[in-house]
Structure formats: C-alpha cells, structure tokens
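Colleague: The chain contents come next:
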Amino acid sequence: GQNIDQPTEMTATEGAIVQINCTYQTSGFNGLFWYQQHAGEAPTFLSYNVLDGLEEKGRFSSFLSRSKGYSYLLLKELQMKDSASYLCATRWGGNKLTFGTGTQLKVEL
Amino acid sequence: GAGVSQSPSNKVTEKGKDVELRCDPISGHTALYWYRQRLGQGLEFLIYFQGNSAPDKSGLPSDRFSAERTGESVSTLTIQRTQQEDSAVYLCASSPGQPGVVFGPGTRLTVL
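Line by line, the protein sequences give chains X and Y. When we follow the working numbering, the leftmost residue of the first sequence carries the number 10, and every step to the right adds one. When we follow the working numbering, the leftmost residue of the second sequence carries the number 92, and every step to the right adds one.
Calculated directly from the structure, the hints in this document are not laboratory data. The reader is advised that the hints may include incorrect statements.
[Stated by the list, open to error] Quick list of in silico lysine-lysine cross-link-like pairs, DSSO-like style, CA-CA up to 30 Å:
1. Y/K148 to X/K105
2. X/K90 to X/K66
3. Y/K102 to Y/K148
4. X/K115 to X/K85
5. X/K77 to X/K115
6. Y/K102 to X/K105
Given the sequences, and given the hints that come with them, work out the whole structure.
Modeller: Listed below in structure tokens is the structure:
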C-alpha cells in the first residue's frame, strides 16, 4: 500500500494563505490527487499532479516532488466556505487510489 | 447518467442481517471503487474494478464483505451478518481511467 501522512487538523484566518502538506511512499507512484470533503458530503476533486512542479487553479495550487514523496495544497485568500477536510490520495498499481486520513481545516474570522 | 448514484442513501439494519448496497457509475467509466468512511475518519479502500479484469479485493475487511460488477455497469456491495462496527458511509466512485475519480453521494449504513 501507500503510507500517506498529512496533518490531522489546521486552523487559519479568513483571507490568509494555508499550506497543507502530504507525504507518501514513492514505490509504484503514478499520480497524486487532492480532494475536498465538506461534512456530510462526498469528496470532490480539486487537483491532480503527476509531474514535478506547481499546478495552479484559481485560489488553489498543488505542488509535487516525486523524488521526495511530497506534495502540498496551497489555499489562498481563504474563505469561510473553505472549512472542510482535505484529502491527499495517491494513484499506484495502475489506477488504484489510496487516500490519506484527511486534514480538517477550520477557517476563522 | 450525469453522475455516480448510490442507493439506498440511508440504511438502518439489525445486527446479523445482510445488506446490499448499489452503485450506478457514470456511463463509460471503466474503473469503479468502493470505499468505507467511518465517522470522523478517512476513506478506507475496499475494492476496485477495472473493466473486465479481476477485481482488486485487497481492502475487503472480512469474508462477510463481497462485491460484484457486471462489465462496466452497476456494482453491488454485499455485507453479510452485519456487525455494529460495519456502521459507516459507503462511498462508490468511478473513473474513465483518466485522472479525476468522481464520487457518489454515499450510503449511510447504521447497524443497530
């Protein structure tokens, strides 16, 4: 399997920037995803990285370093609605997806 | 369909009964996944179907759990002799084989 580690909880202020880190086992790695999950809802796709570097999509950016087995999700101009769980997931062994336990982000005024 | 659908949305059952959960993937999606999410926990991989290949059952927690999928259509997850520890949200997701797995709304299972 893929050991995926990410912080359990983070708190940030509205309007600020927050970075959520994720580390994973590199063996068999074939892509990294970030998903957002609001309480009581299904996860929704945010980003996908398969090559090293930064992928930017509006207020959200995701970075990948394959050699280090490391990714981060960067959220800018935080809004209250960004309070959610952020799930890091790796694809390996073809198309199999393994998820981390998620980082619960709380955005405060 | 437009998205992944699951039924029922909620299921309450008594300990020891069997339950069957259904997933309708997006048409044309070759890959289908089942995950379990206990309250406040992450997603636990259960099983993965890819086209007509043999499914990856490595995540099924016990022999009480089984899943089927016919071709690239509907999948059913069956839990026999349910236990209270089986209470969770069961999420189905499908993928066309390219990045971007799409999740269904889940089935919330409560075992009394």
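Colleague: Evaluate each hint against the coordinates.
Modeller: Tested hints:
no. : hint             : result
1   : Y/K148 to X/K105 : holds (11 Å)
2   : X/K90 to X/K66   : holds (17 Å)
3   : Y/K102 to Y/K148 : holds (23 Å)
4   : X/K115 to X/K85  : holds (14 Å)
5   : X/K77 to X/K115  : holds (28 Å)
6   : Y/K102 to X/K105 : holds (28 Å)
Every hint from the earlier list agrees with this structure, and none is contradicted.
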